[in-house]
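Engineer: Below are the chains, spelled out letter by letter.
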Amino acid sequence: MQLMFEKRKSLSRKAIVLVPVVSFLVSLLLSGILLAIFGANPMRTFAAMFNGAFGSWSNFTETLVKAIPLMLTGLGVTIAFRLRFWNIGAEGQLVLGGVAATWVALFWSPFIPDFLLLPTVILFGSLVGGLWAGLPAYLKTKLGVDETLVTLMLNYVAILFAEGLYYGAWRDPQGYGFPGTREFPQAAWLPRFSGRAHVGLFVAIAIGLILWLVLNRSKWGFELNMIGKNQRAAQCMGVNVKRNIVLALLLSGALAGMAGAFEVTAISHRLQQGLAMGYGYTAIIVAWLSQLNPIAGLFVAVLMAALLVGGDQVQMMMGLPAAMGLVMQGMILFPMLAGSLFTEYRIKRIDKQEHAE
Amino acid sequence: MTALITSILTITLSAGTSLVYATIGEIYTERSGILNLGVEGMMLMGALTAFATVFHTGSLLLSVILAMAVGGFLALIHAFLSITMRANQVVSGLSITLFGTGFASFLGQRLGPESNNFYLSGMTAQRYAAVQIEGLTDLPILGAFFKQDVLTYGIYILIPLAWFFMYKTKHGLNLRAVGENPQTADAMGVNVVKLRYLYTVIGGMLVGLGGAHLSLAYTPGWTENITGGRGWIVIALVIFSMWNPSRAILGAILFGGINAVQFRLQASGTDIPSAYLNMAPYVATIIVLVLVTVWESHNRRIGPPNALGTSYMREDK
Numbered sequence: 001m002q003l004m005f006e007k008r009k010s011l012s013r014k015a016i017v018l019v020p021v022v023s024f025l026v027s028l029l030l031s032g033i034l035l036a037i038f039g040a041n042p043m044r045t046f047a048a049m050f051n052g053a054f055g056s057w058s059n060f061t062e063t064l065v066k067a068i069p070l071m072l073t074g075l076g077v078t079i080a081f082r083l084r085f086w087n088i089g090a091e092g093q094l095v096l097g098g099v100a101a102t103w104v105a106l107f108w109s110p111f112i113p114d115f116l117l118l119p120t121v122i123l124f125g126s127l128v129g130g131l132w133a134g135l136p137a138y139l140k141t142k143l144g145v146d147e148t149l150v151t152l153m154l155n156y157v158a159i160l161f162a163e164g165l166y167y168g169a170w171r172d173p174q175g176y177g178f179p180g181t182r183e184f185p186q187a188a189w190l191p192r193f194s195g196r197a198h199v200g201l202f203v204a205i206a207i208g209l210i211l212w213l214v215l216n217r218s219k220w221g222f223e224l225n226m227i228g229k230n231q232r233a234a235q236c237m238g239v240n241v242k243r244n245i246v247l248a249l250l251l252s253g254a255l256a257g258m259a260g261a262f263e264v265t266a267i268s269h270r271l272q273q274g275l276a277m278g279y280g281y282t283a284i285i286v287a288w289l290s291q292l293n294p295i296a297g298l299f300v301a302v303l304m305a306a307l308l309v310g311g312d313q314v315q316m317m318m319g320l321p322a323a324m325g326l327v328m329q330g331m332i333l334f335p336m337l338a339g340s341l342f343t344e345y346r347i348k349r350i351d352k353q354e355h356a357e
Numbered sequence: 358m359t360a361l362i363t364s365i366l367t368i369t370l371s372a373g374t375s376l377v378y379a380t381i382g383e384i385y386t387e388r389s390g391i392l393n394l395g396v397e398g399m400m401l402m403g404a405l406t407a408f409a410t411v412f413h414t415g416s417l418l419l420s421v422i423l424a425m426a427v428g429g430f431l432a433l434i435h436a437f438l439s440i441t442m443r444a445n446q447v448v449s450g451l452s453i454t455l456f457g458t459g460f461a462s463f464l465g466q467r468l469g470p471e472s473n474n475f476y477l478s479g480m481t482a483q484r485y486a487a488v489q490i491e492g493l494t495d496l497p498i499l500g501a502f503f504k505q506d507v508l509t510y511g512i513y514i515l516i517p518l519a520w521f522f523m524y525k526t527k528h529g530l531n532l533r534a535v536g537e538n539p540q541t542a543d544a545m546g547v548n549v550v551k552l553r554y555l556y557t558v559i560g561g562m563l564v565g566l567g568g569a570h571l572s573l574a575y576t577p578g579w580t581e582n583i584t585g586g587r588g589w590i591v592i593a594l595v596i597f598s599m600w601n602p603s604r605a606i607l608g609a610i611l612f613g614g615i616n617a618v619q620f621r622l623q624a625s626g627t628d629i630p631s632a633y634l635n636m637a638p639y640v641a642t643i644i645v646l647v648l649v650t651v652w653e654s655h656n657r658r659i660g661p662p663n664a665l666g667t668s669y670m671r672e673d674k
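For the protein sequence lines, the chains are A and B, in the order given. Note that the first sequence covers residues 1 to 357 in the working numbering. Note that the second sequence covers residues 358 to 674 in the working numbering.
Heads up, some of the hints might be wrong.
[Said to hold, decoys possible] Within a straight-line C-alpha distance of at most 27 Å, the following computed DSSO-like cross-link-like pairs (lysine-lysine) qualify:
{"no.": "1", "chain 1": "B", "residue 1": "Lys504", "chain 2": "B", "residue 2": "Lys525"}
{"no.": "2", "chain 1": "A", "residue 1": "Lys7", "chain 2": "A", "residue 2": "Lys229"}
{"no.": "3", "chain 1": "B", "residue 1": "Lys551", "chain 2": "A", "residue 2": "Lys7"}
{"no.": "4", "chain 1": "A", "residue 1": "Lys142", "chain 2": "A", "residue 2": "Lys219"}
{"no.": "5", "chain 1": "A", "residue 1": "Lys242", "chain 2": "A", "residue 2": "Lys7"}
{"no.": "6", "chain 1": "B", "residue 1": "Lys551", "chain 2": "A", "residue 2": "Lys348"}
Honestly, the hints are just simulated from the structure, not real lab data.
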């Protein structure tokens, strides 16, 4: 007897739901083993992580604070990945969005009426984030340059550029040497509704819902899916592949840029060290774990945020490295990737004789 | 002037060593048809493993061996996911990098001595120091090649060896066949799956060794993100070398050279803020990538292995 994989005619619905859930459980198990090796009680650690993320309303607002940029960058990555365009530059797009927002908030504010300042700041941040993703899309469609590398290299460029600004030209002279710009005028502050959780949450959720409609119900979404499945076929059907890729990437980067603009206007009220927290990389996990479904992405973003907040919590409570959260995030993808086989294939047993025929 | 060039070349070779090991490793992996974007993660884990081992045991040799083993193990995960489980190779590689980055950071805060709150950063241990080769170090400019650490001497042997193996042996022929056209290779009786596993793991071991050079020789010790994106530059260098091991040295010298010039400029106290100087390798990578891509599209013959990044399924035929 031999095991063979047979391609399914359509994706298994059961597997689509089951695989991410099982993956999360497997990553818990692996992390538990890891914790045990390092002499920590896995159950107590998980309980502390859960408590840290969801244990009280104020803890939960901190989870939401981290979920907002993860939702936006995750949605941005989802758009790009639907096209099989490997945008791993959400981190840089977020940072440059934050830089652009800061530029408007600090230097244009005298010329813009107060009620228009915040929208201008956010829109400009999104625009620049979009352009930062548009550049690799342009290089890819025009010259065929590998997008994975360009998007990644642009992360470093954006992060170092921001660093050069808050350590150098934009550094607050009254900041006692602290690496950061001066504080934004209050008109450029994004309102918070509880703790540090801000109204960006509702914007992110709304965008997630709209994006689901656009990707699954509109003609444009249909075209994007076609490009992702088979570029040449899409081309033959009369889809403008190159234009669609650039447009989709402008949108993808704009969402990351918006996340950066939200971070500086709602959380830090200035550009400072710590904007590049790794949200743009976790966004890849959000997108893949949600199977590129924007609505699922919103929930996965909260889960990933909970792992980050929980990781911080176990550092404070139990002296374990906060990177535990990152390790768990990274470990979710392995079973997830292995499991995707079962959504596309079914296992078939073949008897030796039959095989020999 | 020659003294300046010699000194820049000396640093260049040291800075380029980790790139050479990892580039040759990734070239072998990609030649078999497997794209592994986990280089950054494997390199970080290699660097961490090497330093943690030498810190606790004092044995440099054991550190190098374990770093290679860890690199190979992570590559094995990638091989399992992308070959056996047919997962998307891009995402699988990315997940190796994400996991490796997180896990190296975790271990770096866990494997240190209790006196340092279990942190490894800030600790010192044995390292591979430069070994002068008598008589040759005084050569103008070329002398730079003969005052290096043992691992850098290793690349002088590895580069011709890797080239010879790939182009002049039957194993190398099979390797290239598997990456160019797995169906035909399979029909010729080559075990596609076995070879892909083998070269993915070997590639990972070399990447781990590259990481070990960082924490044992180039910048001895552990700092978070000690690789600083070198793993990604390696992916670009593979394209730059056009999948030929003998050209890996060119890219490594170019990027090692950028590092060396940066180093000298910073030491001489220039007015340019260090953040902008540090952008140089990343901007250079993009520029080189664009140039090479344009050049390759005009010279059709050279390009990535045909089957790179696609999984091979007998059943799908």
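Engineer: Measure nothing beyond the straight line between the CA atoms of Lys242/A and Lys7/A; if it is 27 Å or shorter, mark the hint as holding.
Structural biologist: With Cα atoms ~30 Å apart, Lys242/A and Lys7/A exceed 27 Å; violated.
Engineer: Given the hint that Lys142/A pairs with Lys219/A, does the C-alpha gap stay at or below 27 Å?
Structural biologist: holds (24 Å)
Engineer: Below or equal to 27 Å on CA atoms is what counts here, so check Lys551/B against Lys7/A.
Structural biologist: holds (22 Å)
Engineer: Is it true that the CA of Lys7/A sits at most 27 Å from the CA of Lys229/A?
Structural biologist: holds (16 Å)
Engineer: Has the given pair, Lys551/B with Lys348/A, been kept, meaning a C-alpha gap of at most 27 Å?
Structural biologist: holds (22 Å)
Engineer: Is Lys504/B within 27 Å of Lys525/B, Cα to Cα?
Structural biologist: Judged against 27 Å, a Cα distance of about 31 Å means the pair is violated.
Going down the numbered hints, you'll see the structure goes against 1 and 5, while the others check out.
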